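My request is simple: use the sequences and hints to build the entire structure.
FYI, in the working numbering the residues of the sequence shown are 2 to 312.
Just so you know, the hints here were simulated from the structure itself, not pulled from any lab data.
The model shown is predicted, which means the values in this text are computed figures rather than measured ones.
All the pointers check out, no bait thrown in.
Label pairs and their computed distance ranges (CB to CB): (1) Phe53 with Asp151: 39 to 49 angstroms; (2) Arg94 with Asp116: 16 to 26 angstroms; (3) Leu277 with Ala65: 37 to 47 angstroms; (4) Glu46 with Asp151: 41 to 51 angstroms; (5) Thr184 with Gly39: 41 to 51 angstroms; (6) Leu277 with Arg217: 34 to 44 angstroms; (7) Asp116 with His216: 20 to 30 angstroms; (8) Gln245 with Arg94: 15 to 25 angstroms; (9) Gly39 with Gly161: 47 to 57 angstroms; (10) Gly36 with Tyr61: 11 to 21 angstroms; (11) Gln245 with Thr146: 22 to 32 angstroms; (12) Glu154 with Thr243: 13 to 23 angstroms.
Each residue gets a CB set at the ideal place from its N, CA and C atoms; glycine is no exception.
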Amino acid sequence: MLASTFAATTSPMYAFMCPGQARVEPQTELDIATGWPGYGHLLEEAENTLAFDPIDEVIYRNSANQTRTSLIQPAVLTLTTARGLCLQEKGIRPSAVLGHSLGQYSALVLAGVLDFADALHIVYRRGLMMEEIIRLTPGSMLAITSADRDTIEGILPEAGEQGCVVVAGVNSSRQTVVSGASTAVDRIRQIVEERHLGTPVPLCVQVPFHSPILHRMREDFARLLNGFIFHPPQMAFIDNVTGQRVDDPEIIRANLVEHLTSPVLWADCVRAAHALGCSVFLELGHKRMLAQFNKHIVTGQQTLLWNELLV
2 MLASTFAATT SPMYAFMCPG QARVEPQTEL DIATGWPGYG HLLEEAENTL
52 AFDPIDEVIY RNSANQTRTS LIQPAVLTLT TARGLCLQEK GIRPSAVLGH
102 SLGQYSALVL AGVLDFADAL HIVYRRGLMM EEIIRLTPGS MLAITSADRD
152 TIEGILPEAG EQGCVVVAGV NSSRQTVVSG ASTAVDRIRQ IVEERHLGTP
202 VPLCVQVPFH SPILHRMRED FARLLNGFIF HPPQMAFIDN VTGQRVDDPE
252 IIRANLVEHL TSPVLWADCV RAAHALGCSV FLELGHKRML AQFNKHIVTG
302 QQTLLWNELL V
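Okay, structure coming up:
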């Protein structure tokens with residue numbers, strides 16, 4: 002049942018927010034396993050699809066797997082999808098879905114664009130391609146709080162001699178993410194600190210997501226995507242690349258290729274969902290990561306963790 006917060010009011014329009022790559026703790030699985038009987042069936046499907054249990058690999062077997070893209074991303078996809086399906090089974094249905102970076106794939110599953118098994122295949126193979134690239138070209142990412150996109154883009158040329166570095170995400174007016182060659186990203190960190198432009202926070206990832214370093218996997222990834230069926234969304238799907246609603250499955254397919262090297266326009270995505278009438282944003286993660294961005298993007302909305310509407 003819904004929490005008493007909304008018991009006496011007209012049901013609001015919900016938006017499901019699917020988080021990106023993050024560390025997976027044992028408690029994050031326990032919350033789902035104890036709250037939704039269907040979780041075991043979803044986990045069984047994941048294991049049958051991949052020939053290994055992605056949750057077991059990253060939580061219980063080897064802590065080093067938390068940073069392996071090809072393992073952590075299927076695990077996050079499974080957990081996020083489980084949270085969304087749990088809410089829907091309990092009658093909480095979204096009017097829109099939006100995902101942050103990797104979260105795009107969970108959003109596509111929940112919107113009915115991709116089958117869960119197909120999404121698992123895609124993110125696993127995508128992760129293997131990325132791991133191959135970083136063996137040759139190491140990269141890193143840096144979040145800069147209290148800094149907007151224009152400010153950060155203005156200093157990027159100063160790091161150009163150190164290698165490629167680009168804006169990889171606009172999370173809000175108060176946080177911008179850069180990605181690229183490790184030496185160039187570190188130079189950006191130095192400039193930000195020296196000029197007091199914001200607070201630089203290195204991201205715990207091995208892959209420079211959404212940067213030109215991943216360009217050389219675009220062709221192989223496009224061929225991979227062509228092997229899967231993309232269905233029309235069953236609800237509003239908000240795309241990271243455009244920051245807008247996209248309904249055409251072939252445009253969604255094409256944008257997933259662009260997604261490799263394009264910035265995540267999270268602030269625009271939230272504004273687009275809000276413009277559709279969504280007033281309650283449910284974060285399908287175990288921490289208030291996206292909620293921190295949302296409060297600097299639009300007013301008149303409420304952001305809750307996925308299980309806060311359940312009693």
